[in-house]
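A.B. asks: Take a look at the letters that make up each chain.
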Amino acid sequence: MSNPASPLPGARELTEEGFAPSGRGRILLIACGALAREIVAIRARGGWDQMDLTCLPAILHNHPERITPAIRDLVARHREAYERIFVAYADCGTGGLLQAACAELGVEMIEGPHCYAFFEGNAAFAAHADEIDAFYLTDFLARQFDAFVWKPLGLDRHPELIEMYFGHYRTLVYQAQTDDPELTERARLCAERLGLVFERRFTGYGELATTLEHWARA
Amino acid sequence: MSEEDDIILSELDDEELVQQMFDDLYDGLKEEIEEGVNILIERGWEPYRVLTEALVGGMTIVGADFRDGILFVPEVLLAANAMKGGMAILKPLLAETGAPRVGKMVIGTVKGDIHDIGKNLVSMMMEGAGFEVVDLGINNPVENYLEALEKEEPDILGMSALLTTTMPYMKVVIDTLIEQGKRDDYIVLVGGAPLNEEFGKAIGADAYCRDAAVAVETAKTWVSRKHNRMSA
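Those protein sequences? They're chains A and B, same order as listed.
Residue numbering for the first sequence follows our numbering, beginning at 5 and increasing consecutively.
Residue numbering for the second sequence follows our numbering, beginning at -11 and increasing consecutively.
FYI, nobody ran anything at the bench for these hints, they're computed from the structure.
Hints are supplied without guarantee of correctness; some may be wrong.
One-sided excerpt, in silico: chain A residues whose CB lies under 7 Å from chain B [what the hints assert, rightly or not]:
no.	residue
1	GLY99
2	LEU101
3	GLY158
4	LEU165
5	HIS172
Each residue gets a CB set at the ideal place from its N, CA and C atoms; glycine is no exception.
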């Protein structure tokens, strides 16, 4: 795990390595690498210098069973150095295990099943729960599509497997956190590669921003 | 040209050919598997023997290496696709010649979930093990399961889910069976990436199966117990 106080590591490092806290601030956020860029932007906007950040590798999402032990480890490691610790993860495929661990450790986490839900807003996302044939991308995933989706699924070596993986999907919904034409184009190309209908939905930072604001006041 | 390109399957004796088919299955070579199946049939092998010794034998190795972290999902899918090619040749022949039937299973992915890779692997391996499989596909509400159970009268109900948001639906199906007094008529097996044994127990399933190979073994054990109980 690298330890740059700044600037933020690149997308590859956020995917595969994560990064350590700077050691400055009384509040620590333990976050998913997929949220690092967004958290740094929200923190800068709010001027919350009291908030330090450490991230786990985003690729842990491909092995959700590893997330909860990794969070437990980081909370234990940093507990003494900070007044408060918050966990910037939703359930993220842990099946309630992360929620149970956070309750036991006495730390708050983000409400909701995953980042797609809290970016859009959990209630709004739940309102279209029947949208089961949509494959979601966020800004991070649009940047890291190859490292996060294409290569781990073996599509770089065996593109003929697309039908087996994505045959039942209809759309690729790009949830845009920022207005970035280049990222939109990237996401559109991802949809094209998967043979899915492209749709862009601007979400902004959604409940990630409101949750961080709440924590900044803690 | 690689060394493998020089291998002419029809020139191998039976034992060598089956070994080569194991390798070809491992490498996901569908056309070679289809050729191997045809050769063995031409040599007078019973279709059921081709299925169990050449195809299931090869997939068992693939399954073990997947479990041990040597192979990953893309390779397993390619192997499964190759096996599917061989099965397509064998299925009509098996229907003609007859094959031992171990039991019958109705299987489907639960409501709200469109993921079927794991379920399809289980279906294929169950068929390979001699089970008759009725596959309901994806996104099944409880009504689909009930209707199929009524119509097909299987030994086993299998349910699959990939998402933590959809896996609780398995309990809806089991609770409905309990309400209707039908729960004990079936062996209920559940599986899917986010599940675990505790979850299986908590929702009232008979067993959680972590992969296709475990599903086959679990199904065999439970069906044989059921039959023993019935004949006792």
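A.B. asks: Hints first: check each against the structure and report whether it holds.
C.D. replies: So, going through the hints one by one against the coordinates:
1. GLY99: 5 Å, holds
2. LEU101: 9 Å, violated
3. GLY158: 3 Å, holds
4. LEU165: LEU165(A) check passes; min Cβ-Cβ to chain B is 6 Å, inside 7 Å.
5. HIS172: Hint on HIS172(A): holds, closest Cβ of chain B at ~4 Å, below 7 Å.
Of the numbered hints listed earlier, the single one contradicted by the structure is hint 2.
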